[in-house]
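Enquirer: Residues per chain are reported as follows:
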Amino acid sequence: MSLPIYATPLEKTWHHIRRILCCLVFLFLIAPILIVIPLSFNAEPYFTFTQKMLSLDPTGFSLRWYDALLTTGMHAPEAARGSSWWRDMWEHAQWISAAKNSMIVGFFSTLLATTLGTLAALGLSRPEMPARRIIMAVLISPMIVPIIITATGLFFFYSSIRIQDWGIPYLGIILAHSILGIPFVIITVTATLVGFDHSLTRAAASMGATPWTTFRSITLPLILPGMISGALFAFVTSFDEVVVVMFIASPDEQTIPRQMWNGIRESISPAILSVATILVVFSVLLLTAVELLRRRSEKMRAADTSI
Amino acid sequence: MADLSANGAITGSNVAVTPLSTTDGRSLKTALAAAQSRAKRRALLLVLPLLLFILISFVLPIGQMLLRSVHNDAFSANMPVLSAWFDENPGKAPDEAAYSALVSDLRQARADKTAGLIGTRVNYDLAGSRSMFTAAARKAPELEPPYRDAVLAINADWGNPALWQAMRSASTPYTANFYLAALDMTRDPQGNIVRVEESRRIYVSHFVKTFVFSGVITAICLILAYPVAHMLATLPLGKSNLLMILVLLPFWTSLLVRTTSWMVLLQEQGVVNNALVATGTVDPANRLSMMYNQTGTVIAMVHILLPFMILPLYAVMRPIKPHYVRAARSLGASSWTAFRQVYLPQTLPGIGAGALLVFILAVGYYITPALVGGASGQMISNFIAYHMQSSLNWSMAAALAAILLAAVLLLYWLYDRLVGIDNIKLG
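Protein sequence lines, in the order shown, are assigned to chains Z and R.
The opening residue of the first sequence carries number 1 in full-length UniProt numbering; numbering runs sequentially from there.
The opening residue of the second sequence carries number 1 in full-length UniProt numbering; numbering runs sequentially from there.
Heads up, a few of these hints could be off.
[Claimed, not checked] Here are a few chain R residues that face chain Z, going by a calculated C-beta distance under 10 Å:
1) Leu50
2) Val81
3) Thr253
4) Leu276
5) Thr279
6) Ile360
In short, the hints are calculated from the structure, not lab data.
All C-beta atoms, glycine included, are put in the ideal place defined by N, C-alpha and C.
Model the full structure from these sequences, guided by the hints.
Expert: Shown next as structure tokens:
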């Protein structure tokens, strides 16, 4: 965004104004996410900076809200913090069990979405694929259809087939979340397959490789970055999903977003902010992983074209 | 397959008289067709598991749900005798036979405990009628003929033509009444379609509001995203990748986290108000109320949807070479003309892609309006949730959902036409 030397003073001013505007937009994007981090260390039950916090007085900060995350729902939160306290926490603390549920649902729905989504993306990117456009439109549609409509439809569907009585815990949520994650897997995997050189698989086949060997040692390594970032998208989608869970999950199937939703609607306490902080750290880690994968994929592309 | 057909072509050129054939003697045309259909089948086979999964557990449930908007047999299934009377006597005012049918059905309803269901169905069309059905069903066993007088003795409202009109329209399981209601219309006692009274018109205005809201949010996103995407596109790759993290981090952060942060920031006792009071910009007595109204919803939704605008714009702007604008300038165009006539047209695909995507996502938004919208920031999705969870008028929820879905699918089709679904980019 360098300024040409022939710029008039008016253009120079406008250039600087635009720069400031861009910085403000970046601030708008990032500030709300960062603001929860210091606030979650508040010693008082307020959602704003106290005088003590502003003057960086150590007594104004505390870990009490993080502690509250562990102790809420425990049978004996006041007991001495020995092994029995930790066991109690692991088994009974509300947020811990919500986190466990979220992880289970996220893992299995990601697995399902990634497997089915990758297979479909492989088929869709073949030049012979019939009715490609309409099938693609159907497979991407879960991303576009308003979530409340999806949730309502699944609510009636699951109650009509009595999915709760099948005896498989979380089955309904896992299926629903994998539907929501599939578009992301298809988009990322087809993106890595765009420049895919089909003569590579033909070469492997002509040298006697079975289709499975060809897939494992030629196609898979090339699409792996796309698969992993698609899987991460699918996991985040599931990990952040609250509307479908509210409509179809049984009351004991609490997940982190559902617990947060209840916390926000009913009794908002700064404990929510400490959950938010943990989730922000989590998303920073995910973003780093996706960035690294993207660079790796770009490097592989560059290596391909240079040969 | 390529090898086979090549062989065939060579044999064919040597023996010019016979039609082209493969080495095993089949005609080349059929061999190629077989190979192509085999490849087609293979491609389809890879897609099939997912397609079936989506069709069965996503498309079918939504279709089933939408069926509820035109189909509701709570009345017709539980009031068979009266429904038959309505069928036989179209447009006739209720006579003694109708009242006798009513009483016999109500007696059955009392035995089956379905009076509440029936009353709820009629109540959708005529508010306040549910209790009449439950009360009449309770007394139905003791009623003596003539039934007309006996029923009117329980409640004179049973003679109300509007009630009979509502029962008549409920007596067929298929009805368009929920769509009429979703468009703020109703049937008068003569069966004509009229608009409901002024004070009860809520849905049309909320559809309009949802679309205006989404339009405003899209416009704000475009205005904010355009200079940022331009800056990212013209910076050297290393720097722009670094700044891109600031766009992608919100994209990856939980929606509830972002909504919570805005609640914290915008509350009356929140960070923004406190800062404004501390700097003296705002009087402590009248702090700005930015939460639980439209302002809060718009701010939070712009924040959530902004990355969806920046990313497609950036993808389009990055490959644009600066030479065109420079050429325009060297030919004497002012910087505004060069931007308007040279740069802007090249970014139109990005503007279209981003604006449509943001608009589609905004129209169906639920979570943020539900948490920070208050009374004035509610969108049509929130009404669907209300009818699903609180009023339990599922047919109404389905009718609203059908209208919303039609709008979204239309936009989706437009997106596919203009941008192409394959071109959706994430990060």
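Enquirer: Could you check if threonine 279 of chain R really has its C-beta closer than 10 Å to a C-beta on chain Z?
Expert: Since chain Z brings no Cβ nearer than about 13 Å to threonine 279 of chain R, farther than 10 Å, the hint is violated.
Enquirer: Would the hint on leucine 276 of chain R stand, with a C-beta cut-off of 10 Å toward chain Z?
Expert: violated (12 Å)
Enquirer: Under 10 Å is the threshold here; is the Cβ of threonine 253 of chain R close enough to any Cβ of chain Z for the hint to stand?
Expert: holds (5 Å)
Enquirer: Going by Cβ atoms only, is isoleucine 360 of chain R closer than 10 Å to chain Z?
Expert: Since the shortest Cβ distance to chain Z is 6 Å, the answer is holds.
Enquirer: Against chain Z, with CB atoms and a cut of 10 Å, does the hint on valine 81 of chain R hold up?
Expert: violated (29 Å)
Enquirer: Under the criterion of a CB-CB separation shorter than 10 Å, is leucine 50 of chain R in contact with chain Z as hinted?
Expert: Since the shortest Cβ distance to chain Z is 4 Å, the answer is holds.
In summary, the numbered hints that this structure violates are 2, 4 and 5.
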